[in-house]
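Colleague: Here is what each chain is made of, one letter per residue.
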Amino acid sequence: MKCPGPPESSRLACFLENALVREARIWKAPVFQNLTLKGTDISPSCYEKTIIWIAEISSQFQFHSETFALSISILNRLLASARLKYLQCIAISCLVLAAKTNEEDEVIPSVKMLAVQSGCKRSPAEILRMERIILDKLHWDLYTATPMDFLNIFHALVMSNWPHLLNGLPQTNPSLHVAFLTKQLQHCMACHQLVQFKGSTLALVIITLELERQTPDWFPVITDLLKKAQVTSTEFMHCKELVDQELMHLQPSNAIYIFCPISQAIQGDTEAKFPYHYPSELKNSHQVKLQVAVSQPVSAAVMSATAQIPDGTMETDEYYDGFRYLYSEDRGADGGRGHMGGLCPQLKSGGGSSPCPPLQPPGRE
Amino acid sequence: MLCVSAGSARCGSCCSEGRGSQRGRGLQHAEAASTEELRDVTRAALPVPSQQPQHFHTLQSRRCRMWRPWTYNDHFKEQDVVESFKWQRQGIPFGAATSYVHLKKLCEGSSATVYKGISRINGQLVALKVISLETEEGVPFTAIREASLLKHLKHANIVLLHDIIQTKETLTFVLEYMHTDLAQYMAQHPGGLHPCNVMLFMFQLLRGLAYIHRQHILHRDLKPQNLLISCLGELKLADFGLARAKSIPSQTYSSEVVTLWYRPPDVLLGATDYSSDLDIWSAGCVFVEMVQGQPVFAGTSSAPEQLEKIWTVLGVPTEDTWPGLSKLPKYKPELTASRRPQRLRVICDRLSRAPAAEDLASRMLTAFPPGRISAQDALLHGFFSPLPPQLYQVPPEQSVLTVPAVRLQPEICDLFTSYRKGRLSQGSSKFW
Chain G
2 MKCPGPPESS
12 RLACFLENAL
22 VREARIWKAP
32 VFQNLTLKGT
42 DISPSCYEKT
52 IIWIAEISSQ
62 FQFHSETFAL
72 SISILNRLLA
82 SARLKYLQCI
92 AISCLVLAAK
102 TNEEDEVIPS
112 VKMLAVQSGC
122 KRSPAEILRM
132 ERIILDKLHW
142 DLYTATPMDF
152 LNIFHALVMS
162 NWPHLLNGLP
172 QTNPSLHVAF
182 LTKQLQHCMA
192 CHQLVQFKGS
202 TLALVIITLE
212 LERQTPDWFP
222 VITDLLKKAQ
232 VTSTEFMHCK
242 ELVDQELMHL
252 QPSNAIYIFC
262 PISQAIQGDT
272 EAKFPYHYPS
282 ELKNSHQVKL
292 QVAVSQPVSA
302 AVMSATAQIP
312 DGTMETDEYY
322 DGFRYLYSED
332 RGADGGRGHM
342 GGLCPQLKSG
352 GGSSPCPPLQ
362 PPGRE
Chain X
790 MLCVSAGSAR
800 CGSCCSEGRG
810 SQRGRGLQHA
820 EAASTEELRD
830 VTRAALPVPS
840 QQPQHFHTLQ
850 SRRCRMWRPW
860 TYNDHFKEQD
870 VVESFKWQRQ
880 GIPFGAATSY
890 VHLKKLCEGS
900 SATVYKGISR
910 INGQLVALKV
920 ISLETEEGVP
930 FTAIREASLL
940 KHLKHANIVL
950 LHDIIQTKET
960 LTFVLEYMHT
970 DLAQYMAQHP
980 GGLHPCNVML
990 FMFQLLRGLA
1000 YIHRQHILHR
1010 DLKPQNLLIS
1020 CLGELKLADF
1030 GLARAKSIPS
1040 QTYSSEVVTL
1050 WYRPPDVLLG
1060 ATDYSSDLDI
1070 WSAGCVFVEM
1080 VQGQPVFAGT
1090 SSAPEQLEKI
1100 WTVLGVPTED
1110 TWPGLSKLPK
1120 YKPELTASRR
1130 PQRLRVICDR
1140 LSRAPAAEDL
1150 ASRMLTAFPP
1160 GRISAQDALL
1170 HGFFSPLPPQ
1180 LYQVPPEQSV
1190 LTVPAVRLQP
1200 EICDLFTSYR
1210 KGRLSQGSSK
1220 FW
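Quick note, the sequences are listed as chains G and X, same order. For the first sequence, the numbering used here assigns the number 2 to the initial residue and increments by one for each residue that follows. For the second sequence, the numbering used here assigns the number 790 to the initial residue and increments by one for each residue that follows.
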């Protein structure tokens, strides 16, 4: 992997600056108080269920992880004035708006399809009415910076400024590594105690925890990023504690994130762990795209059940394509696909006899 | 009743407008008359604002079709109209349909109709982009993107979004009013524009592009129709319906973007990982079109034809000149039939007249995407060296036309017209 040079790093700094400005302008933390969200009748568990539900629909429709993050950002801005009985309708409308903003024309599903497939009990007309209410309420200002944007920016900054830090990763390339962190972030976004933190703080905490696990040299890197992100250290420490606890719960399911459907023997294992079933026609009707969300191993399993190995690698491959550009990984000669072919065996050998690459438990120091 | 009288009063002003542009000498008089009538319109219209706009613009568009859609003399009358609206300023809210009066229809597209209008809030002229809402899919994604992006873009070379009005069936964007667009301007001045004006427009186009690219936004539909021009010669990027914000890492994007003639070869070949270089190609096409008076890669109706047209000029690329070419989705090896690149001046002879014009054009129209010059670098290109250096110090929200000695030059054909009329050319913008 070639390391992006200084121009890349200043480009990223500019990205970060823009994103921070966008975040600061509309940031308002939802507060949970007395078992409900302040000013509403929404309980923390309802909130969390809603987020998880949105994550599921989002992956069912194969939206980018940014789309999911955007829909949650929109939702959080509306929470203070939401009522429980409208929560589902608001949430699905947020997803519609996020898809219209972030997905390409040909990927945006019809509202009717979304209403049916998501299993929500709302009619398309209701969703559309809510869509307009939301636009009006937010003054059409949907262009915000999500935690996902920050995660990508921080990760890219680390990769470009301190490329040696992540040399010993189990995920052998930066894109797989981000995908792994994305999973953690999405988990945290569905946690009501973490709603009080800005996306930039949350993303930085996730990067920090990861660096702590991977390298003894994490401290100067994080101090630098803290300064760049203008995050206060008390808030940061508080968030870090909570995220650390939260990710403990995630640990057993870390394995689902591992992308290694190369051997047929593994498939039974993966499928056994994830008894979801997604209609396979989704695969055909939509452009196959990155799945960072919960469905990644599931879809990989669905795919490789019917197709040969190269198709099974498709998803991460597509994701990887996006990063390839960023990290200028062999743009010309090799191309994304060819590279992936070489990657899987590495993963496999790295994992030794286990089907999964070695993952550290999050708490390990 | 009131609506009818409002309509006919405005029609009266239409007539005087027509007269005004036909015989220059009656201009002053006609202006005064129309101002008078417009004042009546506003007085008459105010008491029943809720039902007035609908009738008003239907009547309006029907009658106005008889006259030229753009009359540059408008500008002078508009000042008076603006004056006449100032007294009503208090208590009129943003976001209400009644806060704007439709004056006339400017153009009609597939999804939106644009009217010229006037704001009762501050008396400014505005463009009202009326988007009909689809019953099935709600607010079009183009509208959502345009609104949410334009809200963040404050720059002298980006069209300004003043207000958004939602009604049951329609959505209206209230945008800054501009007198014409580059497509119309070029149609009215065939055979290539005045070299100074090309420089002025191009500088502003690149300035706007550099700004949005700094914000990591891609326009994705640059063409003369989407570049608005004011009577002073200010140029602004408009129509952000296909635009989108870039993220890190770059997502892959749709390759069905940009009007065919302005679409870069990588996207024609199905590339989806494009970046700001996409807009640079389109801007390059617009540049040559301004110089030459003809679209540079025009007349085709399919992607393969369009590519063929581009290769005849630039030569067929190879894996050597364009690493990664053969990996593009729509790449076909039969393309490799060797064809030698030509200089751009072979197809656009006028490029050789302005120093450095050909060099700038060829840096923008480079087939290999990373080889294209960035908007920021293009602004520093030698082609712009005749412009005063203060242009680079103008703050983003201020127009470059505020720099002394930077102004629109009369186009050659306007000079002829004014001589024929037996009048002196005053170099004023009104003689475009």
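Calculated directly from the structure, the hints in this document are not laboratory data. Treat the hints with care, as some may be off.
The calculated DSBU-like cross-link candidates involving lysine-lysine, where the alpha carbons are at most 30 Å apart (straight line), are [said to hold, decoys possible]: (1) K894/X / K943/X; (2) K29/G / K1035/X; (3) K1035/X / K113/G; (4) K229/G / K943/X; (5) K138/G / K1121/X; (6) K86/G / K957/X; (7) K29/G / K943/X; (8) K228/G / K894/X; (9) K957/X / K184/G.
It should be emphasised that the depicted structure is a prediction, and the values quoted were computed from it without experimental measurement.
Colleague: Look at each hint and say if it fits the structure.
Modeller: Quick rundown of the hints versus the structure:
no. : hint             : verdict
1   : K894/X / K943/X  : holds (26 Å)
2   : K29/G / K1035/X  : holds (24 Å)
3   : K1035/X / K113/G : holds (28 Å)
4   : K229/G / K943/X  : holds (25 Å)
5   : K138/G / K1121/X : violated (50 Å)
6   : K86/G / K957/X   : holds (24 Å)
7   : K29/G / K943/X   : holds (24 Å)
8   : K228/G / K894/X  : violated (53 Å)
9   : K957/X / K184/G  : violated (41 Å)
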